[in-house]
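Full structure from sequences and hints, please.
Counting with mature numbering (1 follows the signal peptide of the UniProt record, and there is no 0), you get residues -18 to -1, 1 to 411 for the letters of the sequence shown.
Treat the hints as calculated values from the structure; they're not laboratory data.
Do not take every clue at face value.
[Unchecked claim] DSS-like, lysine-lysine: derived pairs with alpha carbons at most 27 Å apart: (1) Lys104 x Lys161; (2) Lys359 x Lys333; (3) Lys161 x Lys147.
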Amino acid sequence: MNRFHYFLVSFLVATTSASHICLETSCSSFNVESDIVLVVDASNAYDQATFEQLRSFLYTFVASLTVSPLDTQVALYAYGSSAQTVASLNDGSSLGSIQAKINTTLKYQGSSERNLFQALSKVQAEVSSMSGLRSADYKKVLVVISGDAWSGNAVIGSSVLTQLKQKFNVILSVGFGLKAVTNLNSQLTQLTTASMNTFFAATPDQLPYVSAWIATLSCPGVQFSTPAPPPTTVPTQSPSVSCPLASLSYDVYLIVDVSNKASAADFAAMKTAIHNFVAPFAFGDLAANFALVTTGIDSQLFFTNFHNGQSRSDVLTAVDGLLQDDVPGQTLNLALNAIQGYLSQPSSASKKVLAYFTSTTAWDVSPTATMSTLKSKYSLSPVAVQWGASASTSDLTNLVGGAACVNTVSNKASAATWLQNKMCSKVFC
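Here is the structure:
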């Protein structure tokens, strides 16, 4: 199944990460058997035209399911200045009924208020056997789609959220739009039942990937478990690295090719190289921070607590859990757009560096103009690691601005130390 992942993305089984799971399971959206409750932001986090695209996404998403009293049922709530019950599970036990509710009952409120607490309180009070909630044989999935910071009573840490985590097997959160990336970076992951059950989709064209991700996590037996953090011992950097990496307060944007252009062994080796590159840095708001985006047939922004008290395990767990696609594709331009929310935030970093690991330059659209804009607008310094020979050296050179900023495939065994020394030199292209 061709899926998304986003961005983001996010964008899942036991110890795997974001939406890549849909490549790993035989379950498809048509044989999901779940009670799915969607809670949608109807505020001015989006303009009305964008909200209509969100409505279209919801309409298409339910059409991808087998909706019936014996298969999947879908309930829908919306929130802005007030909470709206759009459809109960009973209403959403037939495809025609839930699509009619999406088309005619779901309202754009356009308010500056986003009272998610009120909406979740309605979910807790109303979603029951009386409104269509079925037995434990059916998986219970709650999906919260948010576009900007919430108003009203605090949701995180509330008794309502605690009760919902007991009622639902899986709680997923989707950050839709750049405001969500900027203003809900930490809150969305705290909303969920597992730290990696959050998907950021910056633009409407990424919503189809969200659909595949939700459907996959609604499959029987597919659910995140929170991975145990790795040991906290600080790794020792290589003696060939020319400066103490712990002294560098950089923002580093990792963009990783997860297409099938690398062999499985090469992909595993690339993850190890990224792990070894990242591990020796010091982490925290006044030290180094790492953002992570994967790119293949789609692109996914991962939650790594970027500038939110990030720890070494936040990043390494995400890197180590990356999964490879079974199809080609390279949506680098989409990945570059994914990080703009982070780039636009104030930062104490002394330098912003992008490190692109790839085995292909068969981009769906040229990313060169976008990269040039990010360099000039945000003083971003890009470097590239040519992991596979099918990635064009000249294309990568043109992308990052010079051959000195490309580690060629012949030197990939030393990619981690090459990158670290590049950081130490502070000389980019």
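* **Distance restraint between lysine 104 and lysine 161, which requires alpha-carbon spacing of 27 Å or less** => 25 Å, holds
* Asked: Would the pair lysine 161 and lysine 147 pass a check requiring their Cα atoms to be no farther apart than 27 Å?
  -> 26 Å, holds
* Asked: Holds or violated: lysine 359 with lysine 333, Cα cutoff 27 Å?
  -> 13 Å, holds
Taken one by one, the earlier hints all hold for this structure without exception.
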